[in-house]
Amino acid sequence: MDSSLPLANELAALTGRMGGGFLTEENASKAVQSLAYVLKDSVPGSAGAGASIINARGRRESTGATDPIVLRADRLQYELGQGPCLSAWAEQRAIIIQDTREETRWPLWTAAVADLPLRSVLSAPLTTEGRHIGALKVYSPLPLAFDDHSVFLIERLATSAAVMLGNVRDRETTQRLSTVLVDALTTRDLISNAQGVVMERRKITAREALIVMLSASRGEDKPLHLVARDIISGMSDE
Amino acid sequence: MEAIDDPHEQAQATREAMEEAGLALHAVWMRYFSFTGAAGEYEIDAYLNGSMELAAHERDLLAHAVNELIKELPPPRMAPYSTNGTKPWQEHETSQDDNAL
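Sequence lines, in order, name chains V and E.
Quick note on numbering: the first sequence equals residues 0 to 237 in numbering that gives the first Met the number 0.
Quick note on numbering: the second sequence equals residues 0 to 100 in numbering that gives the first Met the number 0.
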């Protein structure tokens with residue numbers, strides 16, 4: 000596990016020197032994939048690694064994935080609007096799922112990946128010069144696959160990956176990643192989490208939970224994100 | 000803010016509300032996206048122009064996004080009064096004093 004660290008440091012130094020950045024989107028994707036391989040190899044028996052970014056149309060997509068399972072697990076997060084990588088991205092901190100079968104924070108996603116050979120997840124945000132670009136992640140088929148060392152490594156690699164993705168020319172993505180979009184992502188995460196709470200409390204579907212929140216927002220003339228915040232903080236019975 | 004059953008009427012009324020308030024599609028889509036809306040910006044554009052259907056709850060999320068943005072707009076400008084020889088705040092203060100006595 001430790002043997003991968005010098006390579007990670009070397010890559011980090013290399014990307015640091017590329018500061019000005021003349022990467023094409025394709026090169027950046029390949030470079031991020033090489034970091035993803037370092038990440039994957041650092042965790043014994045891991046299923047794969049990669050990055051999630053947002054494209055010009057505001058759609059989230061995967062880049063630099065080492066294995067098809069990464070794409071599948073990622074796509075489920077984008078489709079369901081919840082998951083560890085989206086939370087790492089929105090909350091700007093590393094997220095660990097020790098065991099998907101025990102995890103309760105992303106019920107839709109953990110249910111959706113139940114059939115995949117996937118038990119633990121580690122994800123870290125990609126941030127460069129204050130811009131929130133996306134998230135790096137590694138999936139493992141074993142529970143409890145990650146430790147403090149893995150967190151240190153992924154954060155180190157995320158710095159490099161963010162520099163590379165942030166320096167891509169002709170990529171509308173990063174230009175559009177304004178504070179507005181970051182706020183939208185944060186709100187989306189908040190509302191999605193509140194939705195989960197309402198589903199759990201009332202034993203209803205995701206769609207029904209959103210309708211409950213929407214009618215609370217209309218009825219009380221309160222913005223939807225404040226309704227969500229009150230649900231999360233336990234100040235609302237919705 | 001009344002309820003509408005017909006999806007096309009809802010799309011048209013939503014678009015008209017956006018136009019009247021001068022809301023840009025991008026701003027509306029962004030708010031809708033933050034509400035966990037699943038459709039992309041192009042799809043929302045197509046829905047508003049009547050060339051694509053959206054599920055009822057997506058239509059309502061979009062309507063809610065438009066309504067929140069409208070509520071956040073500054074109130075329309077009011078017409079100013081003349082000073083009429085006095086300063087309005089002086090008169091206001093005097094009348095308050097009268098009430099207090």
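Hints in this document: simulated from the structure, not taken from any laboratory.
There could be a bad hint or two in this list.
Stated by the list, open to error - No more than 35 Å apart at the CA atoms, straight line, and that leaves these computed lysine-lysine pairs for DSBU-like: (1) K221/V <-> K202/V; (2) K70/E <-> K202/V; (3) K221/V <-> K70/E.
Remember, predicted model here, so these are calculated numbers, not experimental data.
Contradicted hints - numbers only: none
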